[in-house]
Every structure is written in C-alpha cells, then in structure tokens.
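Sequence order for the protein chains is R, B, H and E. Going by UniProt numbering, 183 is the number at position 183 of the first sequence; the sequence numbering is gapless. Going by UniProt numbering, 15 is the number at position 15 of the second sequence; the sequence numbering is gapless. Going by UniProt numbering, 130 is the number at position 130 of the third sequence; the sequence numbering is gapless. Going by UniProt numbering, 291 is the number at position 291 of the fourth sequence; the sequence numbering is gapless.
What the hints contain is simulated information worked out from the structure, not anything from laboratory work.
Since copy identity is lost for identical chains, a pair holds within one copy or between any two.
With a straight-line Cα cutoff of 20 Å, these simulated SDA-like cross-link-like pairs (lysine to any residue) come out:
| # | residue 1 | residue 2 |
| --- | --- | --- |
| 1 | K7 | V38 |
| 2 | K7 | L56 |
| 3 | K100 | K126 |
| 4 | K178 | A198 |
| 5 | K7 | R62 |
| 6 | K276 | E180 |
| 7 | K220 | A375 |
| 8 | K7 | D51 |
| 9 | K7 | E36 |
| 10 | K131 | G106 |
| 11 | K100 | G65 |
| 12 | K162 | R235 |
| 13 | K5 | A345 |
| 14 | K185 | W174 |
Values in this document were obtained by computation on a predicted structure and should not be read as measured data.
There are 4 protein chains.
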Amino acid sequence: MSAFKRKIRFGMVGGGRGAFIGAVHRIAAGIDGQLELVCGAFSSDPQRSKDSGADLFLPPDRCYGSFEEMMEKEAALPEDQRMDFVAIVTPNHVHFPAAKAALEAGFHVLSDKPATFDLAEAKELKGIIEKSGKLYGLTHNYTGYPLIKEARDMVASGKLGKIRKVVVEYPQGWLATKLEDSDQKQAAWRTDPKRSGAAGCIGDIGTHAENLAEYVTGLKISELAADITAFVPGRALDDDGNVLLRFEGGAKGVLHASQISVGEENNLNLRVYGEKGGIEWHQNEPNTMLVKWLDQPMQVYRTANGYLGANAASASRTPPSHPEGYLEAFANIYKNFANHVRAVADGVEPEETATDYPKIDDGIRGMAFIEAVVASSNANAAWTSLDA
Amino acid sequence: MSAFKRKIRFGMVGGGRGAFIGAVHRIAAGIDGQLELVCGAFSSDPQRSKDSGADLFLPPDRCYGSFEEMMEKEAALPEDQRMDFVAIVTPNHVHFPAAKAALEAGFHVLSDKPATFDLAEAKELKGIIEKSGKLYGLTHNYTGYPLIKEARDMVASGKLGKIRKVVVEYPQGWLATKLEDSDQKQAAWRTDPKRSGAAGCIGDIGTHAENLAEYVTGLKISELAADITAFVPGRALDDDGNVLLRFEGGAKGVLHASQISVGEENNLNLRVYGEKGGIEWHQNEPNTMLVKWLDQPMQVYRTANGYLGANAASASRTPPSHPEGYLEAFANIYKNFANHVRAVADGVEPEETATDYPKIDDGIRGMAFIEAVVASSNANAAWTSLDA
Amino acid sequence: MSAFKRKIRFGMVGGGRGAFIGAVHRIAAGIDGQLELVCGAFSSDPQRSKDSGADLFLPPDRCYGSFEEMMEKEAALPEDQRMDFVAIVTPNHVHFPAAKAALEAGFHVLSDKPATFDLAEAKELKGIIEKSGKLYGLTHNYTGYPLIKEARDMVASGKLGKIRKVVVEYPQGWLATKLEDSDQKQAAWRTDPKRSGAAGCIGDIGTHAENLAEYVTGLKISELAADITAFVPGRALDDDGNVLLRFEGGAKGVLHASQISVGEENNLNLRVYGEKGGIEWHQNEPNTMLVKWLDQPMQVYRTANGYLGANAASASRTPPSHPEGYLEAFANIYKNFANHVRAVADGVEPEETATDYPKIDDGIRGMAFIEAVVASSNANAAWTSLDA
Amino acid sequence: MSAFKRKIRFGMVGGGRGAFIGAVHRIAAGIDGQLELVCGAFSSDPQRSKDSGADLFLPPDRCYGSFEEMMEKEAALPEDQRMDFVAIVTPNHVHFPAAKAALEAGFHVLSDKPATFDLAEAKELKGIIEKSGKLYGLTHNYTGYPLIKEARDMVASGKLGKIRKVVVEYPQGWLATKLEDSDQKQAAWRTDPKRSGAAGCIGDIGTHAENLAEYVTGLKISELAADITAFVPGRALDDDGNVLLRFEGGAKGVLHASQISVGEENNLNLRVYGEKGGIEWHQNEPNTMLVKWLDQPMQVYRTANGYLGANAASASRTPPSHPEGYLEAFANIYKNFANHVRAVADGVEPEETATDYPKIDDGIRGMAFIEAVVASSNANAAWTSLDA
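Pulled out of the complex, with its shape left as it was, chain R reads as follows (with noise of 0.2 Å):
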C-alpha cells in the first residue's frame, strides 16, 4: 500500500461543455476510484471555465481561465491540496505549450495525443520532460485494451515467429460530407490545419494505427510510401491515406486511415503475420481476438479468461464476457499513470506495469509518422524514412 493513503489529484486543460474527450479523460480517471479532479483550465473564457467546472461540483476558486493562471495558482497552493497532475484535452495546437507550461511549474503531464503540433515541439517537449524530472505520458488509448497487450506479449515471446507482415487500417466514415461547414466542433478543428496540424485523417486517426502496429510488433516503422487525399472539396487536409510500410527487420505491410469510408464507425483494426502464427482485432468489439497458426484451428482469445498472461490480466476488472469497452482501455492509461504517480510521490519503484503508458518517445513517433506521410504523398508516395 502506498505510503500516500490519498486519491491522486489532478486538474484539466480544456474539456469544457460541449467537448468530447474531454469528458472521456474524466470518467477513465473516474472508474477506479483512485482519481480526483481538483481543478481546471477549462475554457480560454473565464466564466465558461467555471461554468464547466461547476458542472463537475468544483469550486470557483478551482477553475481557471487559461493554464497559465492554472499552472501559477496551483503551484502556489498547500501541498496537500496542489494538483498532482495535469491532463491536456485540448485541441492539438495547444498541447505543447499546456505540456511545457505544466511541466516547468512542477506538474506531471497526461497529455491527449498527439504530443505536439509537429516534430520540432515534439522533440523539444522531449527535452523539456527530461530537464523537469516529472512523468508525461500520451493517451495513445487503444493500446490500454487488453488483448493488445496479450498481442505484443505474445509477439514479444517469440511465439507468432519473426514478424513478416502488418495490415492496419483505421476506417470511419464521419467526415465523408462536409460536416465542417455545419457547427460540428469535433470536424472543425480536425480539418483546420491551424489547429491540427500538417495532416487531417491521418495525424487524428492513422497516427493511433501507427502506434497500435509499433506497440504490438516491437517494430519500428523504417520507411513508408504514402498516397494521400482530400476527397471532400474544399477541405483543406487529408480525409484519406493509403501508406505502404516497411519494418526494420524486414517485416512489410500496409496502413490505411480514412474518414471518408461511409458506414464506417471507428474501426480501428490490426493484423500482424509471423512465420508460426499472426493476430487479429479489431476495436469494435475488442474482446476478442483472433490467433491464427500454421497448422492447427484459429483460436479466439477473449478478454478475462484465465489463459491470458499477467498484463492482459491485470488490464481488466470484470470476468469473461462481461465487456469492456473503450473506457475501460483509456482508464487503464489513467490507472497505469496514476500508480507511477503514486509511486513516484512514495518514492519507490514503480511496478512493471505502472510503467505500461505511451510516453514522449511515442509521441515523437507519431509526429515523425505524420511528417513523413506528408513528405511522401508530397512527393508522390517516395519512400522516406521515419527521421526519428
């Protein structure tokens, strides 16, 4: 038990009424009962930010106007009252500085991804977090499900083989009209390149594919050849992206993103081939998955069962068929978080699994990703190497 007999504490950048992930960082923090929201910088309007905050029963006091004021006010309060951490949930143009203010006033730092706006912050931020001595970690959320930790721990003990082949595609269908032009704020700032970033599609939705196949591969992305496309007229970003891949190690495979695949929900799905076995899962229903073997019958591993290792294990809280859900893999992000928090503030070792969060380095694969699938469409699907 931790010397530190207390919730852990933290306060929000963004997250207002009306955002969307926002309100999923809550309740992720909110299911194991280990977290308690004590402030916020919810909205860059002072009284929308205490009108947020009263919604979440926090007092005035508690509910800032800007991370500045939010990073200097809780800096300064008691110890046994300050905010432990700070989780960013804006849109991505502020990532950066919300991270860095964060980050030199003394705060651990859970940031929504990507990291930063582009590679330079990225890598900067990198350095910052080294230079502050304080944790940061990316909710790259889908690698929280637990059969994707069963995945990379079954890639990770040879048992699939060397690794030959990875498709993973990352389809929706939401933006295959214009849904920007009505008052949609979710597809606004997404396809405003001001707010996003160099890509569209593929910086919100690929880069989650890209660090699905690299969490549960092992592998890193050397080299890609990207075809990308604005379908919808008029939108200023990529709505799609077919992108060829090669592994160091000599795996191949394909990524694909899209926002335009009408019908399409969130269907964030991966394969991956070895020269003895492969998987395959999909995040619609991510308590199942398939593995596949040369020469005996494909087996469907389900979430809870007692014949997952320790990570898949200790990733869910209910028997077999009882679902969890998306929630439930962005807690176990939160939950991972929290104990090296926990354990950091009591300074001992972390568990294993406490460490079990995408951190920086993640993020800087991402915007290496995203850069380099920009470069390569630029030049006509060249292949160009992950400069990271």
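Following the hints, put chains B, H and E in place on chain R, whose structure we already have.
This is chains B, H and E only, laid out in the frame that chain R set:
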C-alpha cells in the same frame, strides 16, 4: 441544474476485499462523476470492513461492522455529511434485511438482484418501501444497455408488430466442474441454498433472462413449464434449466440458462419476433443489435448512432464504435437512480429517463419466476403460473 | 475401382417444372459425375412429365405419367439400360407408396424426408425394405456437411466428455404471413394436413433438427414436452414449436423450430455441451464450427483443413475457404448412397463412408418425433416418450 | 428453348489425376445438367490421360495424349459427336498454346486464369480469338458469386454514389513454409517462374483481387505502386505483395495479396466506398454482403432474397440460407458461357446474362496488372501505369 449542487453520497453494504460485484457497483457509481462513496459496512468483520474502506480512501469512522450500525450512525450524522442512499451488494440472503433496515432508517436503496431470498420477502419488502416513501432500485443491469432500450422502444412503438415468439438464453460454463469445492467464493455462495435461495442457476442468471425478456417485450410471462437439473454430482442447486414460456397476449417462447455449458462465458442473448419484424441481441457484443424484417435486408443497429431513439441515445457516453460495455450499462442504472434521488431531493418531478431502472415490482417478478420454475420442475414440468 | 465401370443410373419420382427439391436432388446427383438421370415420373400429368423430362434432355419414352408406370416399364428394360435406383422428391404423402412400389419392383430407393406420412407407414416401410433386400436412403441432407461429421466424431471419441446439454434450433420466417393463400406451391402443400402430415413446421424442419441432434450426439431422445402453435390465423398446422428434450443417458436439451420467426432464413443450428467441451454449428455458415473448452480458448474449425478427421475430409471437395454449401452437403448423401449401390452391384463390402447416410431407422425416428410432439402438445406439453 | 436440344459437349486440356482445378471445373460444369464432358487431353502422358479419362467414364479413344492430338481428332469427328468447346485447366504456361490450338481448330475456349504466360501473349491471343470468330471465356470465378453481381449493379446504378475508395485483399497462408520442397504439386508449379510466369502470389491470386475490384466498380486501375516480397528463403517468386492503387476518375485504393499470412485460408475480400454508401464482401462467407450508408444502419444482404436484383437472382440456385459456395459461383461462369455457346449455335442473340463472364479483355488486364506490379516493385514502388 439541481438545487442540490453536490455529488450524491452513498454507502455500501457488502463489497469488501475479494468481492466481485461490489467493485462493479463502485465503478458504475464512479463513471459519471455524480456520486461519492462515503461509507460502508463492507464486511461483518469490523476490522475487515475498515481495511476494505481504507483501500477506498474512507476514514475508519465511516466503515461499519454491520449494516445495522451503519444505518444507525449514518442517520445520526448531520444532513450535509450523511449518505443519501445505500447500495446493497451482499450475497442474496442479506438483501432483504439490509434493505429493510436502510429504508426504515430513511435511506433510499439500490440493491443488487435478486431483491430478496424468496417471494414472500419480496412482497413484504414492497410494503416496506411503500411505507417508507423512499426510492428502491434493483440492479438488473442488463436493461441498462443502450440497444436494449432501443429494442424496448421498437416493440412499444409497434414497429415489430404484435409479438409472437421470444427466445432468451443465458449460458455460462464456469460451474461445469465442482468449483465450489475450491476456495472460489463466488461459486461457494451461489451453490449454497442457505445463501442463494431456492434456485442456483435459475436464480443467479435465469432471473436476468426473465427480466430482460419482460423489459424488452413489455409482456408478462403468464405461465411456464420448466425442467431444471443439477448436472455436477453433489451440487445442491440446479446448474441448468430449460423452460417453455407463455406470455400474456399469446406470445410463446423458450428460456434456458446454464452454468455447465462449457466454454460459454456470459452469453445472455435475446431474440424477439413480431408479426412484422424481429430483433436479436447478444450481451457478449452489446453494441450491435440485429433488426430483421419480413421482406427487407436485416439491419445492424449499433450503439450511439444518430438513427437511434432518445432513450438509447441518453444511455451512451461515446460516439459510435467506441465500444461501451457491462460497466457502462451498469452505470446507467446508477445514473438514472441518482437522477431520481436528486429530483426527490429537489422536490421536482424526475425526467422520464430518471425513473427507468428496475424496481421492487421487477424484483417480485424475479422471485415469482424462480418459485414457479422450481415448482414446475418439481411437478415434472407442469405448466405453472407466475403468481405475482 | 468398381467392376461396374459406368455411371450409376437413377430415375426420379416428382421434381417436375416448378418444383424446388427435385432440382436440388439433380444438382446433388450431378456434382460428382458418378450418376446419370435416365428417367422420371416427374408429374402425375403425363404431358407435364414429358415436358419436364425434355428440359433435362431425357427422351419421351423414359418420362412416365406415374410412378407405377415407371416401375413397371423400367423393370422391363434390359439391365444395361434400366435405372439402378429411384429418387423420390414428391410431397410427403407420396413418399411411402412410391418407395414401396420401387422396392417391390427391385429398385434401391433414395427418398426425400420425411420417410412417410405417419409413423405406422414408416414401420411398415421398414418391413418392405428388409423383405426387398434393397438399399433405402433418406436425404436428411444436413448430416452431409463435413463439420457435422467432425462433430459426430468428436462426440463419439469422447473429446467433449459425457454429453449434458443439447440446444438445436431451426428458425425460418418465410411463413410469417399466410403465404399459402398466394400461389406459392411450396407453402401450399406444407401447410395442408392431407399432403404434409400431422405436423407443419415440426414435420418439415423440426425433424431435421431432431435428426441432426441425434446424429451428432449419438444419443436418442427418450421423451419430450412440446408446445406447438399455429400463429398465422387460419393455418391448419403448426408454424412454430418449442420442445423440452430428455435424452437417453441423462442429457437434456431444447429444440425449437419456427416458420414465423421473421427475418430468419434457414438458420438450423446446433450446440452440444459435454463435461469437457462443446461445439456450435450454424447451417448458415456451414464451413465454420466453434469448439469450446473448459480452460482453453475457443477454436474455430473450418472445413477442409488438415486437422480434421477422415470423415470430414472425405466429405469436402475443395481446399479450405473455398466455401462448400447446401448442395455439396446434399451431394454427400448421394455420393455415399451411390457408392453403396456400386458396392452392392460389385458384390463387395462397402467402405465405411459408403454407408454413412440416413436410413429407414432415421425415418422412423423422425416420424416418432413428429407424433410425440403432436401428442405432447395436445396434452398441454406432457412428457411423451418416443415410441420408436 | 434452344433448338439445340442436347447437352453441350466439352473436352478438357489438363485436369488429370491429382490435379485440383480440373476437378473443380468438372463439378462446375456438372451442376446445372447442361454440359457433358466427352473427351480430354488430361495429361501429356498418354496412358495417364486414358487412366484419368477412365475414372470419368470416358472411352479410351476420346482420351488424348496432347492437346494438339485432341484438336485434330475432335475436329475430324462428325458434328453430332464432336465437342463444342474446350476447357483449359493446365498450369499457366500451357494456357496460350492450348487456347490457340483450340480456337484455330474451330472450338470455343473456356480457360482457367491467367489467360496467358505474359502480356504479349495475351494481346496476341486477343487477335487469334477475333480472327477465329469463336467464344473465349476466362474463369475468374469469384465474379460468379450472386452478391458480387449485386454489388456491381449497385455501383453501376449509382446507389453508392461516385466511388472514392477501394480496398481489396487476398490473404492466404498455405505457402508460409517452403511447401514446394515437399511433393506438393500445386505449390511446385506456382512457385516456379517457368510455369507460373513473372509473378507468384500476385499472378496466382493478386489477379483475382484486381479482377474483382474492376468488375465490381466498373473502374479501371490507371496506375499502381507495388512492393512485393519473397519472404520464404530460397523462393524465386513473390509470396506477398502490397499495392497502392489509383483508378480512372480519381478513386484510390489498396490491394494486398499474400501466401504467407499464416492461418488465412482463402480470404479474398472487397470493400468499396462511394460518396453515399459502401459495400463489404468476404469470399469466406460469400452469401453475406454488408451494405453501408451515410446515416442509416448497415444492411446485411444475403443471397437469394427477394430484394436482390435480377442478376444476383439468376446466379443462385436455392432459397435464402441454403448456402451456395465456390463451386456454384464457378458453375455460374460455366452456365453463362454454355448459354452463350448455345445461343451462337442457335444463331440467336444471347441473353444479357449469357455474356456475363470474363473474356480476353479481362485476361489482358490481368497480365498488364502482373507486369505493372513487377515493374513497379523493381523500381522501388514507383507509380506505374497499366498499359492495357
């Protein structure tokens, strides 16, 4: 916004270290950030109760050694500290006395199912509830799924036509061996007539199937013919049951539940067929519902899409294909119950969704179902009416 | 190689223009290139019989106006022209007299199911077959699927342990409206007690379910309790039935069949659970069988893979995932029967697979099942034994 | 009814004992009872050819030792005995010379794919066909599935809107080890450049994927960027390939094919997304097609239902959920080709469905695809146009 600008406070009876369903209730209560666990009688062993409470960051003076002590001490606290309601998560035989004590002490009650140990108790409890003027909810959690609400609304609106046939199944396999002879706590009490009641499998999960079928169709089972069995040698209660159903209004059906169906996890599922259409839903993959028509292709309804009705919409927290599961469905019972508690405290009419949770009448139906199944099976599957 | 170096010749009773099952039999017979249709009594209208035969490139003198004429004239032909066996594909009430005539004229018989119009006829037919010394096969075609053979072998070898529970379903929706009032020939005779027999849905498809369950488990249904219904107003025979099952040796189960389950196509499916494992198979996707275990991941068996046993292997014609379907399963009945005919003609012992097709005892079981279901339902679902 | 009141006669080049695809062709030809195998050059070994023919009940004088002999002797037979067309089922390098010989001898040709050994031959063959005035069909059998015809018609009718994205996959796993070093005949010729052609996996199955995508969308691939690999050490030809696609009119896509994707059977599948809707189809379960819409629930189209169009309807033989598979789809190529042969013999215009089978232009596209893939991959995935 509620005049009642704070989290709702609840205490828990049961759910100490090693329990399963207590943790589920706490997660479900935590998801929406509207509820705060403030006390508990987590165990009949006072020290164990305090230790369990400490895990949850509760002060020792709010961790009681019995539910009687809890009711007494909480009732004596100032109104701004006292719990608002009690969650009961003990084995079955404690449900009634704990609920009675709480209601008589002036607290609302949200109880795990079954409502009581037998039908007579359930009917008695109804009188106690009515006398108390307090709210009583029952966590038949499977009715909390968004698509189950959609199914209910489709039937109610007549889209499927008059209902003719219902097939509801609840196969599990975890008791295919004599697990209760090991130290598995969950198996031990569920197979013990003193703690579980007159039925084993039928009581534990058959009642969920019964409740789901009646909730979705809006029809009452009028009579049934049942054949229940204890397949595992030496087991005192049934571990499998097959039941023919007749519903008010002429629909017929089949219900079967099992805990010896090897390899089945927790595969509650429902099919309903009317004169014009039908639905099929599986708890294993709860975000998908198949909708079937006379002359048109089958449709695949998925949680959180815009084509769903208001009740399904209000029961989900994330966009399509961010899978929600068991815990979120469970949380919907808590959410609605909490909103009802809030409305009562505010002295206003609750919104319609706030009253959409199972109540004592569902509990009475469940107990009547159990008793009818046992009586029918004892009479060699003679048709037996549900006297409730 | 057979000494009998030619295709086996068969004639057909029924199956003229507009018939469904006759065409299925011809395709099934044609698939392996071992059989040749040489004659037919395709219709009781002689000209219609000749016209139907002409469509099949048969000469007019081999197209008869009645099965009596066919038996007489074929028996009179020289041995090198005469048919070897008769396929009977008429409505149910003609099965018995046609089979009797054929057997007594010295021809083997392969009959569509049910064997006869009622149980008494079926028992009488058994005597006629025995007296004739000829072969008699029954096209309970669903037993022809490769994975059904694998399932049977898994049970027989004890891999699943002693069988405890069987769930077999056959839902269809095509008679959810009063289709027999249109000119739909298939609906008309199936809902007519004079042509269909004592039961509608239970006779037409319930018997397939019964046959499949007994074939796979190797267990006989000892008694049953049935509740059958004619849901569509004005329909004389049941269009839905729910049945509790008890098997010899103690296994229990549920069988339900329906023709009013809107949106169901032809969804025969079977689940069998033993003490150590279970299987699940759906005729809709017949090349997949789920195999379930106590403590290991579910396996997905697929047709034509090397891990299957000899019987499953011999029942498929293409490599894995070149899907085989209904017609190939049907063809397996024809193939085995034809190999048996060939062995008899050669005067040798047939190979074991050549005798793997349903016979008169299966037919008697089917008729006994129908009569027991009707009797039980008439007695308000009283337990009724299968007297066969 | 055809004036041509007899079965159509065909001969076969290849397909002797031990061959796979020859047996498939014979079953496909036999299914509808319209065709009769009358002769064959089953092997280049005359005795083996006669032995193979004897298995099929053919007289020795119609079993030839070479296709040259077959063309000569058949052409010399009286018209009422002579074959009507030739089916070519040899390894790839024989397709062209056999087709040339048959056409020049006055016979129609139905050839297995690919049409020829290389693109130059395919173009030459087109000239030979045109000069001969005979029919030429190519068994790209996957276009024979009913739901593939429905998909094509949905695209053509504009129901899906303008096509934007195409994903077509053909993963297999059977060559994940060096199977060609065993005595596996199928593996041996497919991995041998002298018999298979310039590509392995891409030629064998990639062309099926290409053909399917172009057939359904009605769009031509204009250029591609390919990365193909021989993963198994010592293999001369590619066993895996990943390809970016650009179509005429602006659609983009991905094609990947593999023979080293462990555990994949024969999982050809296609997804097409337009501005208004999309489709998804898997050859593994070919009687199901998912149809996706912007704002409505996904629909599940199933073979043989009344809501399908005329082309899909004419391509199925049984009612819904009597699953049809690979052999029936293959039979549809034979059926349409045979009907075309019959129309030509009758001197009438063929019905539209009778001309719905792949022809030499499809063969040329396939060869151009293979050559473009190989050229692109050799140029490090440079965009390469399909010069055909």
